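Quick note, the sequences are listed as chains A and B, same order.
Reminder that position 240 of the first sequence reads as 240 in full-length UniProt numbering, one-by-one numbering, no gaps.
Reminder that position 138 of the second sequence reads as 138 in full-length UniProt numbering, one-by-one numbering, no gaps.
There's no promise every hint is true.
[Stated by the list, open to error] The following label-pair restraints were derived from C-beta to C-beta distances:
{"id": "1", "chain 1": "B", "residue 1": "F239", "chain 2": "A", "residue 2": "R208", "range": "29 to 35 Å"}
{"id": "2", "chain 1": "A", "residue 1": "L429", "chain 2": "B", "residue 2": "T143", "range": "54 to 60 Å"}
{"id": "3", "chain 1": "B", "residue 1": "G132", "chain 2": "A", "residue 2": "P476", "range": "23 to 29 Å"}
{"id": "4", "chain 1": "B", "residue 1": "A79", "chain 2": "A", "residue 2": "P476", "range": "50 to 56 Å"}
{"id": "5", "chain 1": "B", "residue 1": "R21", "chain 2": "A", "residue 2": "P476", "range": "44 to 50 Å"}
[Said to hold, decoys possible] Residues from chain B that keep clear of chain A, each with C-beta distances beyond 12 Å, as calculated:
{"id": "6", "residue": "I109"}
{"id": "7", "residue": "G147"}
{"id": "8", "residue": "S237"}
{"id": "9", "residue": "V320"}
Don't read these hints as lab results, they were simulated from the structure.
Note that the structure is a prediction, hence the values are computed from the model and not measured.
Ideal Cβ placement from N, Cα and C applies to all residues, glycine included.
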Amino acid sequence: MPAGPATRSRGPWLRGPWLPAWRRTSRPGPAARSRGPWLRAWSLAAGLTALLVLAPVAALGLEALQGSGGLWPHLLAHVLPPALRETGLLLAGVGLVVVLVGTGAAWLVAAYEFPGRRLLDWALLLPLAVPTYIAAYAYLDLLHPVGPVQSALRAALGYARPRDLMLPDLRSLPGCILLLGFVLYPYVYLPTRALFLMQSATLVEAGRSLGAGPSAVFFRVALPLARPAIALGASLALLEALNDIGAAEFLGVRTLTVSIYDTWVNRSDLPGAAGLALVMLGACLGLIAVERAARRGRGYAAAAQRPRRMSRTVLAGPAALAAPALGLVPVALGFLAPASYLAVEAGRRLHFAGLSGAILAEGLNTLLYAGLATLVATALGLVVAAGPRLLGGRWRGFLLRCATFGYAVPGAILAIGLLPPLAALDGLLDGASRALTGFPLAAMGLGTGAALVYAYVVRFLAVTAGSSEAGLARVPRSLGDAARILGRGPAGALAQVHLPLTWPAVLGGALLVFVDCVKELPATLILRPLNVETLATHLYGEAARGTYEDGAVAALLIVAVGLLPVALLLRVSTPKAR
Amino acid sequence: MTDPAPSRPAPALAVEDVACRFGRVQALDGVSLSVRPGEVMALLGDSGCGKSTLLRVVAGLETPDAGTVRLDGRLVAGAGADVPPEARGVGLMFQDYALFPHLTVAENIRFGLKGQPPAAREAASELLAQVGLSAHAASYPQTLSGGEQQRVALVRALAPGPRLLLLDEPFSNLDRRMRDRVREDTVALLRRTGTTALMVTHDPEEALAVATRIALMHRGRIVQVATGEALYRRPGSLFAARFLADAAEIPARVAGGRAGTPLGPVPAPHLPEGAAVRVCLRPEALRVGEPGDGTAAQVTRRTFLGAASLLHLAVPGVSVPLRARLPGPGPYGPGDAVGLTLVPDAVLVLPDEEAA
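Can you build the whole structure from these sequences, using the hints too?
Here it is as structure tokens:
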């Protein structure tokens with residue numbers, strides 16, 4: 001003992017008629033092939049990823065502590081109360097709008113059949129392609145007193161001067177609520193529609209057979225069942241609303257995010273900004289806690305059998321016309337109006353001045369940063385999701401939570417949190433370089449855009465990790481086990497079995513991240529290298545200055561990129577049912 | 001840990017004192033098991049008894065908390081060793097077959113042949129021909145029937161020439177009619193290739209049909225290891241007796257080396273005086289005759305099974321119905337009076353574990 005495996009290889013099994021003389025005999029001993037190295041490598045990578053995500057938040061806390069003694073009293077007395085009030089009202093209003101519009105639209109397309117339903121089915125997702133700051137940019141111009149809408153109204157009503165017809169100003173809290181609500185409702189529409197399609201069929205029919213009419217079925221069966229989906233969608237929409245910086249600022253609403261950005265950029269008060277960011281982080285976590293509570297005990301209880309599609313009520317007569325008209329309202333407000341405005345304006349600009357070199361350069365910058373971040377986030381997401389599945393580690397829950405955590409941290413907070421550690425790192429690198437080579441090495445992190453890519457990765461890692469995890473979860477464990485038994489190591493199993501079966505999910509996640517990076521504004525504003533513009537920051541700059549030069553072109557490009565994942569989302573969210 | 005004696009070949013698989021715990025569940029609680037080369041052993045037990053965990057520990061898919069696993073005498077788990085599954089040289093056939101849906105049948109079978117000489121591929125296609133699936137080599141597994149998928153899974157597991165083949169409920173996904181045939185084919189293939197096999201099943205009939213020996217598991221422990229016939233005819237415990245076949249149980253006490261029942265005394269030679277026992281009467285332990293021939297009984301129900309019929313019988317003083325089997329339809333119907341005699345060889349007298 002231990003007997004050399006090679007000497008033991010000729011067993012009784014060699015008698016078979018097909019007698020493979022090459023039968024699997026010796027393998028390297030246990031020392032050469034053990035799971036140790038893989039597990040160590042994965043643990044290291046996973047630990048670094050967790051550190052990567054948690055570092056900015058930790059830095060935020062440290063930074064807020066370092067402020068002068070008067071920081072918190074000042075914040076509490078002058079900055080926080082108005083910001084919290086505005087933010088609270090904004091969230092409440094947006095929440096109400098997205099839930100009403102999103103759930104209503106989802107029920108409309110899931111429960112009724114009418115002309116144009118299929119079209120509406122996916123058209124209702126289109127506002128996802130329009131970032132909030134672009135919608136605000138477009139509507140400010142559209143609804144401007146000398147803009148097309150008010151001019152047309154005056155012409156139709158026979159008024160001569162703008163001040164003869166006073167319409168409520170978009171630049172107000174209610175205006176901001178409506179605007180954000182009609183752009184963000186797809187976050188509720190998407191999961192709720194999927195849930196209505198997926199699980200209500202037999203339950204709705206049971207409700208009907210027990211004597212409930214259509215509206216009773218909606219309120220007593222479908223709506224309570226859809227509560228987890230509505231809660232999830234609403235929390236995502238509200239996180240987006242919290243993350244928004246452009247729309248609120250353009251419309252003159254001083255939310256927390258705007259205050260943070262203002263405190264840092266205009267008053268260079270990093271501790272103050274960090275303090276505000278901490279408060280906002282608390283708000284985000286609170287939001288998520290509320291969402292969890294709303295979902296508690298009500299998982300997407302899937303039936304054991306494959307769900308059957310709900311049969312839709314066919315509408316006839318006036319209802320058959322009213323339904324598509326009603327469904328078209330959110331599409332028109334959230335997508336058609338701003339997008340066609342942008343298309344017209346961009347067309348004018350291109351006709352007049354051609355494609356400017358600046359826009360091209362900004363497009364390339366956008367592509368570069370978003371592309372790099374997508375690559376890194378996809379690779380890290382795979383590591384986070386695949387490692388434990390292949391190696392049997394016990395960290396999976398913790399890591400996924402770490403990765404998801406980044407998504408709950410708005411871009412502005414993340415950026416403020418990243419500034420101190422990156423500045424420290426840059427200082428270290430510079431010092432080391434001076435000592436070793438005599439050359440200064442200025443701002444490697446902040447100056448090269450590495451910081452921006454880092455922020456993107458932290459913010460969107462949840463998306464890639466989540467989609468990889470979801471894809472991998474659909475691969476039965478026995479397939480991975482079979483690959484191991486048939487001679488593959490963890491990496492071989494991943495490459496030859498898991499990846500071929502999950503690449504659509506992984507690619508889907510990568511696409512979403514790419515688009516999110518292209519659309520991201522607050523972190524980009526704070527962390528981009530000096531004098532580097534992306535499409536998003538260009539648009540922000542012009543809107544902030546009140547100039548409208550290439551802005552429409554940049555906005556149109558962003559919306560065009562944003563359209564890519566809409567088709568994908570629709571396919572993923574349509575449950576396959578027999 | 002004792003090394004195997006040099007004169008005898010090492011067991012193909014030797015499991016010693018293996019324990020495995022998942023959270024609060026003790027899945028394996030000191031399991032020892034030895035499988036001889038060329039043998040087909042069945043691991044029999046209820047769901048949740050730990051049999052599948054044991055299979056996964058042997059395959060290297062779970063790491064035991066304690067104990068050792070040796071394959072052909074080579075330490076692969078425990079005592080500092082932790083050989084990953086890909087280096088153990090065992091085959092595993094999964095309950096759901098685990099055929100790779102993105103690969104064709106041929107590619108599935110070749111998956112385990114990486115790094116082996118070209119002859120291996122020819123042998124694998126030869127094997128595929130033996131199970132009659134050559135025509136489907138280019139098909140994707142999803143397009144095959146359940147029985148065909150089962151054969152592909154078997155061939156894929158056998159193709160690399162594993163020294164030990166593990167089978168996890170290999171026939172449970174097949175309908176009953178097909179199961180018998182596939183089972184016979186599988187056993188034939190295992191014999192022909194001389195493969196040592198360890199098969200997990202919850203079906204005693206299946207274990208009896210396939211295995212040379214059966215290891216009965218209960219709550220993470222091995223209760224008894226014996227040939228199928230020995231396990232059936234001489235179960236070591238009430239649990240084993242109940243697991244292998246339904247029986248009517250009559251509580252009794254040992255007196256004078258015998259246990260008294262309303263059907264007469266039964267020898268209980270190895271049990272202590274006064275011990276609480278249960279006399280287990282399976283259908284084959286009762287012989288049915290004319291009234292007056294043995295203990296009087298009344299037929300309460302007759303179930304016709306085709307080749308045989310089952311009589312449900314009431315005996316005064318016995319609270320449970322007894323069952324007896326007759327060839328064909330038999331001459332008796334409900335309400336008929338009959339006489340019962342015991343077949344001594346088939347009566348089981350076992351210590352009553354619950355009457356402690």
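Consistency of the hints with the structure:
B:F239 and A:R208 have their C-beta atoms about 50 Å apart, which leaves the hinted 29 to 35 Å range violated. Judged by the Cβ atoms, the range 54 to 60 Å given for A:L429 and B:T143 holds: they are separated by roughly 58 Å. Between B:G132 and A:P476, the C-beta spacing of about 27 Å keeps the proposed range 23 to 29 Å intact. For B:A79 and A:P476, the Cβ-Cβ distance of about 32 Å falls outside the hinted range of 50 to 56 Å, so the restraint is violated.
Between B:R21 and A:P476 the C-beta distance comes to about 24 Å, which lies outside the given range of 44 to 50 Å. Residue placement check: B:I109 does not keep its beta carbon more than 12 Å from all beta carbons of chain A (closest about 10 Å). Distance to chain A confirms B:G147 as a non-interface residue, since its nearest Cβ pair spans about 19 Å, more than 12 Å. At roughly 33 Å, the least C-beta separation between B:S237 and chain A is larger than 12 Å, which holds for a residue marked as non-interface.
Here B:V320 stays apart from chain A, with its beta-carbon at least about 36 Å from theirs, past the 12 Å limit.
The structure does not agree with the numbered hints 1, 4, 5, 6 stated previously, though it agrees with the rest.
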